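What follows is each chain in one-letter form.
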Amino acid sequence: MSKGTLYDKVWAAHVVEKLPTGQYQLFIGLHLIHEVTSPQAFDMITEKGLKVAYPNRTFATVDHIVPTKSQARPFQDNEAEQMMEAIEKNVKNFGVSFFDFKSGKQGIVHIVGPENGLTQPGMTIACGDSHTSTHGAFGTLAFGIGTTQVRDVLATQCLSMDALKVRRINVTGKLKPGVTAKDVTLYIIQKLGVKGGIGYAYEYGGEVFDAMTMEERMTVCNMAIEGGARIGYVNPDQTTFDYLKGRPYSPAADKWDKAVAHWKSIASDKDAVYDDIVTFKGEDIEPIVTWGITPDQSVGVNDKLPAVASFSADEVKTVELAYKHMELKPGQSIKGTPINVAFIGSCTNGRISDLREAAKVAKGRQVSKSVRAFVVPGSQQVKLQAEKEGLDKIFTEAGFEWREAGCSMCLAMNPDKLQGNEISASSSNRNFIGRQGSKTGRTMLMSPAMVAAAAIEGKVADIREVMA
Amino acid sequence: MSKINQIEGKAVPVEGNDIDTDRIIPARYLKEITFTNMGQYPFYDERFDAEGKPKGHPFDLPQFQGSHLLFVNQNFGCGSSREHAPQSLMRWGVRAIIGESFAEIFAGNCTMLGIPTATVSQADMQKLQALAKEKPATHFTLDLDKKVLLADGKEHLKFDIHESKRNALVNGTWDTTGILLANAAKTAEVAKKLPYVSGY
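Protein sequence lines correspond, in order, to chains A and B. Counting from 1, one number per residue, gives the positions in the first sequence under our numbering. Counting from 1001, one number per residue, gives the positions in the second sequence under our numbering.
By construction, these hints were calculated from the structure, which means they are not laboratory data. Some hints could be false.
Straight-line alpha carbon distances no greater than 27 angstroms define the calculated BS3-like cross-link-like pairs of lysine-lysine that follow [what the hints assert, rightly or not]:
| hint | chain 1 | residue 1 | chain 2 | residue 2 |
| --- | --- | --- | --- | --- |
| 1 | A | K324 | B | K1055 |
| 2 | B | K1010 | A | K258 |
| 3 | A | K417 | B | K1031 |
| 4 | A | K3 | B | K1192 |
| 5 | A | K165 | B | K1147 |
| 6 | B | K1031 | A | K18 |
| 7 | B | K1146 | A | K18 |
| 8 | A | K417 | B | K1053 |
| 9 | B | K1193 | A | K51 |
| 10 | B | K1010 | B | K1158 |
| 11 | B | K1031 | A | K51 |
| 12 | A | K245 | B | K1192 |
| 13 | A | K69 | A | K363 |
| 14 | A | K18 | B | K1193 |
| 15 | A | K9 | B | K1193 |
| 16 | A | K317 | B | K1135 |
| 17 | A | K195 | B | K1147 |
| 18 | A | K195 | B | K1158 |
| 19 | B | K1193 | A | K245 |
| 20 | B | K1186 | A | K48 |
| 21 | B | K1186 | A | K51 |
| 22 | B | K1031 | A | K102 |
| 23 | A | K48 | B | K1003 |
| 24 | B | K1192 | A | K51 |
| 25 | A | K9 | A | K270 |
| 26 | B | K1031 | A | K439 |
| 27 | B | K1193 | A | K165 |
| 28 | B | K1193 | A | K264 |
| 29 | B | K1127 | A | K195 |
| 30 | A | K317 | B | K1053 |
| 31 | A | K329 | B | K1010 |
| 32 | A | K48 | B | K1031 |
| 33 | A | K3 | B | K1146 |
| 34 | A | K439 | A | K329 |
| 35 | B | K1192 | A | K439 |
Reference listing, derived: stretches of chain A covered by chain B, where coverage requires no fewer than 3 residues with Cβ under 8 angstroms from a Cβ of chain B [claimed, not checked]:
| hint | segment |
| --- | --- |
| 36 | 1-15 |
| 37 | 182-191 |
| 38 | 433-444 |
| 39 | 456-467 |
Quantities reported herein were computed from a predicted structural model and do not represent experimental measurements. C-beta atoms are modelled at their ideal positions from N, C-alpha and C, and glycine is treated no differently.
Please work from the sequences and hints to get the whole structure.
Written out as structure tokens, the structure reads:
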């Protein structure tokens, strides 16, 4: 059993009671909601005649269903419009703060929380969305929940939970040029598998994480869930404190020192005990591209696709299905695979630093004629900042479309979808069959800079060669 | 709230590792603001072709109609936290799922709906799926009190289930709102001690 880790400390501070079932009643410090997984939960508490117990600890925004070509109301899609009306009604009736289009703060829920300073070290954070693990970048216990659990958080500000084990994942040394946080997280998933994290919280540490910006840490924690770990976190440090200073919901100046002292105290102790420790070398990581239908089916951009026989017997079926679906063959190079669509955005890689990296590639180059390419900022604030820096012009001059904030083609609950068996280079997080809106559509996950490079070349390319 | 001690019925096998919740329920059905219709959609894109004709998925085969148990392999329900996935299975008729392993969020969602997620070894699951395919009329009983699975009334094998989840089901405490609300005063005390709640 782990001892002295951030997980243990934050967990202990939030336990209300051990329940008769053996589960623990855990207080939830920050509850984030969006339009898709909350309407049924509000209906459930209404049916029970309950209120929102701590309305000032719940914040709402809209991201999954919003169209990215225009945010004008009413939406053309009736179902999306109804969903929008439902959240508008619910936040009004229950007194919940709402980052809607007019607020200038709308965006993907996992981008909005951090950029407004809502996400603070030492919190427990829940949201009806699996990528809630993103907020772990700040040293929080942040995890996705289902709608019936959203009901519980609304009604009680608590959840009934089982404790997780803690695995420390060290990445030592330095990353090579062209290798990004996205490659680090894809590499960890490739090595530990999509099931490797079941039952664990992942604590990421080591020189590579120490050197990362907050936005890079968010990219890694975002995909903890793709490795099966419901929670991924990084211990808070000076990088964390510098990021938080001065944000709208961050502690005020007169409370700052006390807040920082508290945040330091919840970091894992030097002699913390972990249930498991794994160590990787930063130097071993290459720019990574997924070739299959699970996020662990990936290779370095210069590698050949693996032989079916190289997988264990119980993986063979999934691997064969992956090759069939992706229309790819063992032994072929991933580099040079032609693409139809390039998507830059999502809660994984829709932050300003992601757009800056992609813009460096796009600048002075042209998107291949065979590629439909678009950039979707993760929030209205990211969009505004990008436009201040002129990134929108760089993208549009290169032939990318410049869109409004939302989840877009990460999950295709909005008009942004693959058509037929189109294949995308995507900066999102899931390459599942059907994920991007077409059941025969195909997805290759990679870093935003690699997506931009693929858009320019019309095929999967090594960012280091494109930029050379 | 009902106690769930035994779940009986035929079993439908759905084979494959890493079956994610996008495959269980495609995102386009999440645009509905209630769960009412979800029973029509489980595995939709794997079951029906472009014209809406069934492709021979186990959920459409006559011998598996009316099944209450679902036999799956590893990491079932990975990916999105959408509760629409277990809702769609439940509303189709699934009352219990037995697998080699489950994704964490999915298993939690199942418990919240009173659906046990029981685990067995890979070898046992292969046998179970084979039995369900070869003798689809087999009547299974998942006994949560004894942690055994019966086939046609005879003990067939032992299964595992997370103890707290099992307790919640057999004691009828899986619908947690009331239990959590009962501790409202203690909740307020815990909240007050948290620096970010008290304002540092």
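Hints and how they fare:
Annotation: proposed proximity of K324(A) to K1055(B) holds, straight-line Cα distance about 17 angstroms (limit 27 angstroms). Of the pairs offered as hints, the one joining K1010(B) and K258(A) is violated, with about 60 angstroms between alpha carbons and a cut-off of 27 angstroms exceeded. Annotation: proposed proximity of K417(A) to K1031(B) holds, straight-line Cα distance about 15 angstroms (limit 27 angstroms). Annotation: proposed proximity of K3(A) to K1192(B) holds, straight-line Cα distance about 25 angstroms (limit 27 angstroms).
Among the hinted pairs, K165(A) with K1147(B) is consistent with the structure: their alpha-carbon atoms are about 24 angstroms apart, no more than 27 angstroms. With a C-alpha separation of about 37 angstroms, the suggested pairing of K1031(B) with K18(A) is violated against the 27 angstroms cut-off. Between K1146(B) and K18(A) the CA atoms are separated by roughly 24 angstroms; this keeps the pair inside 27 angstroms, and the hint holds. Using a Cα cut-off of 27 angstroms, the hinted pair K417(A) and K1053(B) holds, with the two alpha carbons roughly 23 angstroms apart.
Note on K1193(B) and K51(A): the hinted pairing holds, with a Cα-Cα distance of about 23 angstroms set against a maximum of 27 angstroms. Taking the CA atoms of K1010(B) and K1158(B), the gap is near 18 angstroms; set against the 27 angstroms cutoff, the hint holds. Distance hint between K1031(B) and K51(A) is fulfilled; the C-alpha atoms sit about 25 angstroms from each other, no more than 27 angstroms. A distance of roughly 24 angstroms separates the Cα atoms of K245(A) and K1192(B); the hinted pair therefore holds under the 27 angstroms criterion.
In summary, the hint linking K69(A) to K363(A) is supported, as the alpha carbons are separated by about 23 angstroms, within the 27 angstroms threshold. Pair hint K18(A) plus K1193(B) holds up; C-alpha atoms about 18 angstroms apart against a cutoff of 27 angstroms. With a C-alpha separation of about 14 angstroms, the suggested pair K9(A) and K1193(B) falls inside the 27 angstroms cut-off, and the hint holds. With a CA separation close to 23 angstroms, the supplied pair K317(A) and K1135(B) stays within the 27 angstroms bound.
Proposed proximity of K195(A) and K1147(B) is supported: the alpha carbons are some 24 angstroms apart, at most 27 angstroms. Among the hinted pairs, K195(A) with K1158(B) is consistent with the structure: their alpha-carbon atoms are about 23 angstroms apart, no more than 27 angstroms. For the proposed pair K1193(B) and K245(A), the alpha carbon gap of about 23 angstroms is at most 27 angstroms, so the pair holds. A distance of roughly 22 angstroms separates the Cα atoms of K1186(B) and K48(A); the hinted pair therefore holds under the 27 angstroms criterion.
As the CA atoms of K1186(B) and K51(A) are separated by approximately 18 angstroms, the hinted pair is consistent with the 27 angstroms bound. Note on K1031(B) and K102(A): the hinted pairing holds, with a Cα-Cα distance of about 23 angstroms set against a maximum of 27 angstroms. The suggested pairing of K48(A) with K1003(B) holds, with an alpha-carbon distance near 20 angstroms, which does not exceed 27 angstroms. A distance of roughly 20 angstroms separates the Cα atoms of K1192(B) and K51(A); the hinted pair therefore holds under the 27 angstroms criterion.
Proposed proximity of K9(A) and K270(A) is supported: the alpha carbons are some 14 angstroms apart, at most 27 angstroms. A distance of roughly 17 angstroms separates the Cα atoms of K1031(B) and K439(A); the hinted pair therefore holds under the 27 angstroms criterion. Between K1193(B) and K165(A), the direct Cα distance comes to roughly 25 angstroms. Compliance with the 27 angstroms bound is thereby established for this hinted pair. Between the alpha carbons of K1193(B) and K264(A) the distance comes to roughly 17 angstroms, so the proposed pair stays at or under 27 angstroms and holds.
With a CA separation close to 22 angstroms, the supplied pair K1127(B) and K195(A) stays within the 27 angstroms bound. Pair hint K317(A) plus K1053(B) holds up; C-alpha atoms about 25 angstroms apart against a cutoff of 27 angstroms. The suggested pairing of K329(A) with K1010(B) is violated, with an alpha-carbon distance near 39 angstroms, which exceeds 27 angstroms. With a C-alpha separation of about 24 angstroms, the suggested pair K48(A) and K1031(B) falls inside the 27 angstroms cut-off, and the hint holds.
The hinted pair formed by K3(A) and K1146(B) fails the criterion: a straight-line CA distance of about 33 angstroms is larger than 27 angstroms. Distance hint between K439(A) and K329(A) is fulfilled; the C-alpha atoms sit about 20 angstroms from each other, no more than 27 angstroms. For a cut-off of 27 angstroms, the pair hint linking K1192(B) to K439(A) is broken: about 49 angstroms separates their Cα positions. Here the segment 1-15 of chain A counts 3 residues with a CB under 8 angstroms from a CB of chain B, which clears the bar of 3, and the coverage holds.
With 0 residues having a Cβ less than 8 angstroms from any Cβ of chain B, the segment 182-191 of chain A misses the three-residue criterion, and the hint is violated. Counting residues of the segment 433-444 of chain A whose C-beta lies closer than 8 angstroms to any C-beta of chain B gives 5; at least three are required, and the coverage claim holds. Under the rule that three or more residues need a Cβ within less than 8 angstroms of chain B, the assignment of the segment 456-467 of chain A is violated, with 0 such residues.
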